[in-house]
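Please model the complete structure; the sequences and the hints are all you need to start from.
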Amino acid sequence: MAEKLVPVVCPWCSVGCRFYAVSVNGYIRKIEFDYDHPTVNRGKLCPKGVASYQFINSPKRLKKPLKRVGEKGEGKFEEISWSEAYRIIAEKIKEIKETYGPEAIAFLGSEKITFEENYLVHKLSKAIGTNHLDFPGRYCQYSNSPARTAVFGSAAATNPFEDVAKAEFILIWGHNPAETAPVFFGQYIEKAVLDNGAEMVVIDPRATRGHKYASMHLKPYPGTDLAIALAMLNVVISEELYDKEFVNERTTGFEELKEAVKEYTPEWAEKISGVPAEDIRKVARLFATKRTALFVNEGLNQHVNGFEFALALANLIAITGNIGKEGVWSGVFPGAQCGFCAAMTGIAPNKLPTGKLVTDEAARAELERLWGFKIPDWVGFDLTTMIREMGNKIRMMYIVGGNIARSAPNSRWVREQLKKLDFLVVQDIFLTETAKYADIVLPAAAWFEKTGTAISAERRVQRSYKAANPPGEAKPDWLILVELAKELGLGEYFKYEHPDEILREINSVIPIFKGATPEYLAEHPEGCFFPCTEPGEGTKVLFKNGFKTSDGKAHLQPVKWREPPEMPDEEYPLWLTNFRLVGHWHTGTMSFESPSLEKRWPEEYVMINPKDAEKYGIRSGDLVKVETRRGSVLVRAEVTDHVREGVIAMPNHWNINVLTLETIHEKTKMAELKAVAARIRKVEE
Amino acid sequence: MSKKIFLDYKRCIGCKACEVACEMTHGEARIRVFEFPDLFTVPFNCRHCEKAPCENVCPTGALFRDEDGAVAFDPLKCIGCLMCAVACPFGIPKLDEENKIMDKCDLCSDRRAEGKLPACVSACPTEALLYGDMNEVLWNREGKIVANLKSSAEKGEGEKAYIVL
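Here the protein sequences line up with chains A and B, keeping their order.
Take the first sequence: its letter number 111 is residue 111 in the numbering used here, and every next letter is one higher.
Take the second sequence: its letter number 14 is residue 699 in the numbering used here, and every next letter is one higher.
Derived by calculation from the structure, the hints in this document are not laboratory data.
Relax, there's no trap hidden among the hints.
Listed next, the in silico PhoX-like pairs over lysine-lysine satisfying Cα-Cα at most 25 Å (straight line): (1) A:Lys191 - B:Lys840; (2) A:Lys290 - A:Lys219; (3) A:Lys92 - A:Lys495; (4) B:Lys840 - A:Lys282.
All of these numbers come straight from a predicted model, not from anything done at the bench.
Put into structure tokens, the structure is as follows:
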């Protein structure tokens, strides 16, 4: 049996590492590092990357379509055939359409499936006649993304990773790249700091792995970062450190911004965040006077006031001119390798795949011409609203590769809501918590078991190829969607035999991906940077001359302080926040099935500062009960200086969302996953 | 001088990619990352000593030095007497309980035979692990210190030079 070296993209985070899967007879035997191509990872991989094919061999993989026989949530199923599964789903869709109309059906795309598959989820939902379309990334980048779009007209990362090594100042704010993206940290940030002499500052209530390289560490209370950002704007403007030429020529709304942040002095911010005013001044001065790379992630995003925080940072980037040139970096940094695949195919309640709004009549007419069917013109529900409306306006959901029963905030309530649905279809590779509530579960092929396109955090479009056969009767998601469409009588719009054909259609439908053809990506494993309008013509640095706003200028937005929705009080005196571990990924559906990772990162725990621990009589290893107004969990305690006083922190892969808050921001619909009031007590054993 | 795995501990972020890469290659991790409370982390594998006590005490010649200078291991000759484990000052050789023979790092002899780097070095995302000739590694470090001293002197900050690296 000959060994085949199949070039693949890593399935976990969004750095876009490449390596080879050594495939024998439809199984992956091992991996091989890829040093040959100009890849982003230069052959390097993190523990998740090295162990990335373990989960696909798990005996718990779904192998046949399942029909629920027990109660919802119980997880009792019987095996059925594909044809029966399609027949049941198609009948149910028709029945619900006739009774309640297509607006009672909602679809979820995913950041785990390929670019092509997300495109098909979008196309199928529109063909059925619903705009209730979203993906679990709603709880990921939906603070930063809309804020950057409001200011710059586009949210994407402005520069390639190689520019990070050229930066003079690196500000890491609410992001832990040493654990969430170790290859990116090692190959770019560390090189900037250790080899090129860049200065690094970290703003985080927790000390993370990368802290030893930082010259300063600011520790705000969770959810109060906005106060620091406003104070930094105040310092930059009042000390006139901003880039005057850039502000005059390339931005609008500076006077309004100046007026809005007048009151927010560093001393004011110190009272709210607990960070010394002088430190805020120092960071603001560094930010304004050096070539700055700014990294933000869930510490910014997963807050109800995250949108305002992201607006303040976008303003700060614009007035200091740290955009549109080499050696700077800012943008969204999706947690999953296909976050951009879902976002760029318009998986959102108000978007078309072309990036235009569903309410834009001309854009809809153009897409109707390309697709050949009518497209609904109303704005659909976002994920949180879908959950709220389950059993009311939403009667049926079709979830592809999402685990909202664990990832959505206040998950106990989410599980109750899932029970109210008339019909739920879940398409996944494992029987996730969400799938246990499904009426029909469809077994999908995992990453490595199909060919497809991934888009990394630096806008790099890369192709990954099939290296293994799916287990049992599992099929690639795109094939399931195509076959279901045929059963629904929509076959004429879904005539695809291979993912290449879908990608070719994307090339013609989405203008910014015109050049990312299957042929070009096959010949160029390093991919291309979108917008790539012709093969070989990618865009490495965005906004060199103009922004994507109507007048080409950055629209500065006035921002006001906004409190987190829940603050500690006498009853719940601590802030609870969450973080990610290097060895696990999201809700762990895949990483928990990887023995090498599971062995090293076996269970959840809560980090508590020694001063707080003394107050509550807790020692490392004690079993403690962490409680909020939504619920409680039992975990082991780790007493450590790495978390500031008054704050406790838990990894987000296990059950922390039993404790979080479903209050949402009115515009972005982002929930509060990172800063809630909690209490902790030792449980006697 | 033979090639070995060197550690630039300043670059290590304790991600354990080396451990997992080793485990994926050999079934069991032969390198371990030690973590200290102050974020200091040290990946630690067999040092392949120049005067290797394990090799010296092995009664059956199961431990031997291969052509690249690594202390390699012949499982067919091993009788599981644990002498190497007793002699090793670093606690490196471990007993493979199932086969009752010893197991230790051989610097990935299979990979080296194919001209590849040891798995842990290949994976290390921060390049904290280096595979190379000791003199080369030390010369590089020395060269860096000299370069830093020079540039500091040019900038007139000589007193800061000692804290670099």
